[in-house]
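Take the sequence shown: its position 4, counted from the start at 1, is 4 in our numbering, and no numbers get skipped.
Treat the hints loosely; a few may be bogus.
Unchecked claim - In silico DSBU-like pairs for lysine-lysine, Cα to Cα no more than 30 Å straight-line:
hint	residue 1	residue 2
1	Lys501	Lys528
2	Lys17	Lys28
3	Lys22	Lys92
4	Lys335	Lys400
5	Lys36	Lys22
6	Lys255	Lys300
7	Lys92	Lys17
8	Lys92	Lys72
9	Lys36	Lys25
10	Lys140	Lys55
11	Lys501	Lys542
12	Lys400	Lys365
13	Lys489	Lys422
14	Lys235	Lys300
15	Lys255	Lys323
16	Lys365	Lys354
17	Lys300	Lys335
18	Lys36	Lys55
19	Lys335	Lys365
20	Lys400	Lys122
21	Lys235	Lys292
22	Lys354	Lys323
23	Lys122	Lys55
24	Lys92	Lys28
25	Lys335	Lys55
26	Lys140	Lys231
27	Lys292	Lys354
28	Lys92	Lys122
29	Lys25	Lys55
30	Lys335	Lys22
31	Lys528	Lys542
32	Lys432	Lys354
33	Lys92	Lys140
34	Lys323	Lys335
35	Lys235	Lys255
36	Lys92	Lys400
37	Lys354	Lys400
38	Lys489	Lys501
39	Lys36	Lys72
These aren't lab readings, by the way, just hints derived from the structure by calculation. Note that the structure is predicted; figures quoted are calculated from it, not measured.
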Amino acid sequence: MSTTNDQIHHYTSLIEKIITTKNLKFGKLLHSHFIKTALNLNIFLTNRLIDMYTKCNSLECSQNAFNDLPNKNTHSFNTMISAFTQFGLFGKARDLFDEMPNPNVVSYNSMISGLTRNGYCKDAINVFRRMQYNGMLIDKFTVVGMATACASLGALELLRQLHCAMIVLGLELNVIMCNAMIDSYGKCGDPDMAFGIFSRMGERDVVSWTSMVVGYLWSSRMERACWVFDKMPVKNAASWTALISGMTQNGYGDKALDIFVQMQLEGLLPSPSTFVSVLSACADLALIERGKQLHGYIIKSDSLNVFMFNALIDMYTKCGDMKSARLLFEEMPEKDTISWNSLIMGFAQNGYGKESLGCFERMRKLGVTPNHVTFLGALSACSHMGLVFEGHHVFHLMEKYGVRPRSDHYALLIDLYARNNKLEEALALIQKAPAGSDQIGMWGALLGGCRLHENLDIARRAVEALLNLEPGNSARYIMLSNVYAAAGKWHDARQVRRLLKERGLRKEEAFSWIEVRNARHGFVAKDKSHSQTEEVYAMVAKLVEHMGEAGYQPYNMDEVVCNYIQ
Numbered sequence: 001m002s003t004t005n006d007q008i009h010h011y012t013s014l015i016e017k018i019i020t021t022k023n024l025k026f027g028k029l030l031h032s033h034f035i036k037t038a039l040n041l042n043i044f045l046t047n048r049l050i051d052m053y054t055k056c057n058s059l060e061c062s063q064n065a066f067n068d069l070p071n072k073n074t075h076s077f078n079t080m081i082s083a084f085t086q087f088g089l090f091g092k093a094r095d096l097f098d099e100m101p102n103p104n105v106v107s108y109n110s111m112i113s114g115l116t117r118n119g120y121c122k123d124a125i126n127v128f129r130r131m132q133y134n135g136m137l138i139d140k141f142t143v144v145g146m147a148t149a150c151a152s153l154g155a156l157e158l159l160r161q162l163h164c165a166m167i168v169l170g171l172e173l174n175v176i177m178c179n180a181m182i183d184s185y186g187k188c189g190d191p192d193m194a195f196g197i198f199s200r201m202g203e204r205d206v207v208s209w210t211s212m213v214v215g216y217l218w219s220s221r222m223e224r225a226c227w228v229f230d231k232m233p234v235k236n237a238a239s240w241t242a243l244i245s246g247m248t249q250n251g252y253g254d255k256a257l258d259i260f261v262q263m264q265l266e267g268l269l270p271s272p273s274t275f276v277s278v279l280s281a282c283a284d285l286a287l288i289e290r291g292k293q294l295h296g297y298i299i300k301s302d303s304l305n306v307f308m309f310n311a312l313i314d315m316y317t318k319c320g321d322m323k324s325a326r327l328l329f330e331e332m333p334e335k336d337t338i339s340w341n342s343l344i345m346g347f348a349q350n351g352y353g354k355e356s357l358g359c360f361e362r363m364r365k366l367g368v369t370p371n372h373v374t375f376l377g378a379l380s381a382c383s384h385m386g387l388v389f390e391g392h393h394v395f396h397l398m399e400k401y402g403v404r405p406r407s408d409h410y411a412l413l414i415d416l417y418a419r420n421n422k423l424e425e426a427l428a429l430i431q432k433a434p435a436g437s438d439q440i441g442m443w444g445a446l447l448g449g450c451r452l453h454e455n456l457d458i459a460r461r462a463v464e465a466l467l468n469l470e471p472g473n474s475a476r477y478i479m480l481s482n483v484y485a486a487a488g489k490w491h492d493a494r495q496v497r498r499l500l501k502e503r504g505l506r507k508e509e510a511f512s513w514i515e516v517r518n519a520r521h522g523f524v525a526k527d528k529s530h531s532q533t534e535e536v537y538a539m540v541a542k543l544v545e546h547m548g549e550a551g552y553q554p555y556n557m558d559e560v561v562c563n564y565i566q
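Given only the sequences and the hints, what does the whole structure look like? Please build it.
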């Protein structure tokens, strides 16, 4: 049956309306009409049907329409591959891709973009390598997909090769391609190259400026990031959020909060991502009052979803308010693994080991699959409570759930053994750890146990191993000195301190802070620069006196207090 151009145009318009309205029922009726009139044999119309079903979230119907098409062309395959990648079925997408008689650049781009979009960046690079092997020339879509993959993996050399290929092929850089390259160079640790592309752009949009800000933030070049941000002709919520997030991730939580205030003064509404970044800053700085204010703001803005709940729970746990964290958790209409992990870890870190393990067991009974973070929380709870049997049980449960123990899992179990004077067992566990494990945390945990139980022989072995792993870490010398001091070996303790000075290493000064009436007060050990120094140290002296009356005698506290009040 021949089909006129007017008929094709008419049916194409109908399909477009179905996609716009997401009217799947009418789409199926149209498909039935095509079958009755043999229009389903028309490749162009059936390809549009496959795309329609995909956009109406009916993959099964897409696949049926594809399978019923007797003469498929390259576009048919590309549309179906794109559908599989959109639904996360990369195995099926790859199988269909391999069946294609003549894949074209669109086929490769569909695979690359689909894999990259869903986090399978190494697989995307493999497809790109195959594309090169088959002599297929890249286009602007390949560039954007591969730049995103390089950014996710930090693959700077591959990004440079991609950039060179673009130049050799004479690809004209549009704004979208430039933005992708700027973002990728920044995230791969070469913001100067990113700025070179940025500075040569004839036209920049808000994404160009934001990508440049993010690039400097990824390299911890905060001043340059702020300089670019200040130069931005137009800022949107995403720009502000990028700067806030970057400041938070680089440890400048106080600046992140100041920038958030500026954003509000500019009249811009924060996005959920903005709230998450600001909550993270409050959590890092333990500013619970700010966090509570933000909680109220989030409720008023009707922004509560599972991600926001998780961010709030994380903030409350890091600020030590487990009551609020638990109430939020119970209020959640739906919980994911991150929700459970936040509560389990929060209980463990705040000294509620029993509650942490109880939450862990409740999670398992409800059929929620734990991941490596879940086991970190449960092992941390066992370590804090000294539950050796339970810790051993939790560690071996990992195998049941297919979770491979990492270095930090080993370190927690070693810490548990070491705290309970099972130093030989802890040492044996280090030796059993998989090759290539990061052993710094393991040896550090063992050394802490040696100090507690005054085991000088194993302590020396631990320090020797640690100094080989990180010779410039002054904390290791301090720990060994403390082990000697705890065992009454004062001469040896002084010798280690002397060695520390001879090697030009310095102990990092202890630092703490407190929030009073939304103002943050920081204190460095033996610092006397605070405006209320005398009152602070007078209170410290009173607290030490009360501690002594209660029977607690901290190491060398008399000397410390004398230094404070002199």
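The hints, checked one at a time:
At most 30 Å may separate the alpha-carbon atoms for a hinted pair to count; Lys501 and Lys528 meet this at roughly 24 Å. Proximity of Lys17 to Lys28 is assessed by CA-CA distance (about 13 Å); at most 30 Å being required, the pair is judged to hold. Annotation: proposed proximity of Lys22 to Lys92 holds, straight-line Cα distance about 25 Å (limit 30 Å). At most 30 Å may separate the alpha-carbon atoms for a hinted pair to count; Lys335 and Lys400 meet this at roughly 22 Å.
Pair hint Lys36 plus Lys22 holds up; C-alpha atoms about 23 Å apart against a cutoff of 30 Å. Proximity of Lys255 to Lys300 is assessed by CA-CA distance (about 25 Å); at most 30 Å being required, the pair is judged to hold. Distance hint between Lys92 and Lys17 is fulfilled; the C-alpha atoms sit about 29 Å from each other, no more than 30 Å. Of the supplied pair hints, the one linking Lys92 and Lys72 holds, its CA atoms being roughly 17 Å apart against a limit of 30 Å.
Our distance criterion of 30 Å between C-alpha atoms is met by Lys36 and Lys25, whose separation comes to about 17 Å. With a C-alpha separation of about 24 Å, the suggested pair Lys140 and Lys55 falls inside the 30 Å cut-off, and the hint holds. Between Lys501 and Lys542, the direct Cα distance comes to roughly 34 Å. Violation of the 30 Å bound is thereby established for this hinted pair. Distance restraint check for Lys400 and Lys365: the Cα-Cα separation of roughly 14 Å lies within the 30 Å cut-off, and the hinted pair is therefore satisfied.
For the given pair, Lys489 sits about 23 Å from Lys422 by alpha-carbon distance, which is consistent with the 30 Å threshold. Only pairs whose Cα atoms come within 30 Å are accepted, and Lys235 paired with Lys300 is accepted, the gap being roughly 24 Å. For the hint pairing Lys255 with Lys323, the CA-to-CA distance comes to about 29 Å; that is within 30 Å, so the pair holds. Proposed proximity of Lys365 and Lys354 is supported: the alpha carbons are some 17 Å apart, at most 30 Å.
Annotation: proposed proximity of Lys300 to Lys335 holds, straight-line Cα distance about 22 Å (limit 30 Å). With a CA separation close to 24 Å, the supplied pair Lys36 and Lys55 stays within the 30 Å bound. A hinted pair counts as satisfied when its Cα atoms are at most 30 Å apart, and Lys335 with Lys365 qualifies at roughly 14 Å. About 28 Å separates the Cα atoms of Lys400 and Lys122, which keeps this hinted pair within 30 Å; it holds.
Pair hint Lys235 plus Lys292 holds up; C-alpha atoms about 27 Å apart against a cutoff of 30 Å. A threshold of 30 Å between alpha carbons decides the hint, and for Lys354 with Lys323 the separation of about 15 Å falls inside it, so the pair holds. This hinted pair checks out: Lys122 and Lys55 have alpha carbons roughly 27 Å apart, not beyond 30 Å. For the given pair, Lys92 sits about 24 Å from Lys28 by alpha-carbon distance, which is consistent with the 30 Å threshold.
This hinted pair checks out: Lys335 and Lys55 have alpha carbons roughly 28 Å apart, not beyond 30 Å. Only pairs whose Cα atoms come within 30 Å are accepted, and Lys140 paired with Lys231 is accepted, the gap being roughly 28 Å. Among the hinted pairs, Lys292 with Lys354 is consistent with the structure: their alpha-carbon atoms are about 27 Å apart, no more than 30 Å. A distance of roughly 18 Å separates the Cα atoms of Lys92 and Lys122; the hinted pair therefore holds under the 30 Å criterion.
Restraint check for Lys25 and Lys55: the C-alpha separation of about 13 Å stays at or below 30 Å, so the hint holds. With a C-alpha separation of about 29 Å, the suggested pair Lys335 and Lys22 falls inside the 30 Å cut-off, and the hint holds. Distance restraint check for Lys528 and Lys542: the Cα-Cα separation of roughly 18 Å lies within the 30 Å cut-off, and the hinted pair is therefore satisfied. Distance check on the hinted pair: Lys432 and Lys354 sit about 29 Å apart at the alpha-carbon level, within 30 Å; holds.
At roughly 26 Å between alpha-carbon atoms, Lys92 and Lys140 fall within 30 Å of each other, so this suggested pair holds. Proposed proximity of Lys323 and Lys335 is supported: the alpha carbons are some 18 Å apart, at most 30 Å. Pair hint Lys235 plus Lys255 holds up; C-alpha atoms about 18 Å apart against a cutoff of 30 Å. Taking the CA atoms of Lys92 and Lys400, the gap is near 28 Å; set against the 30 Å cutoff, the hint holds.
Between the alpha carbons of Lys354 and Lys400 the distance comes to roughly 22 Å, so the proposed pair stays at or under 30 Å and holds. A hinted pair counts as satisfied when its Cα atoms are at most 30 Å apart, and Lys489 with Lys501 qualifies at roughly 19 Å. As the CA atoms of Lys36 and Lys72 are separated by approximately 20 Å, the hinted pair is consistent with the 30 Å bound.
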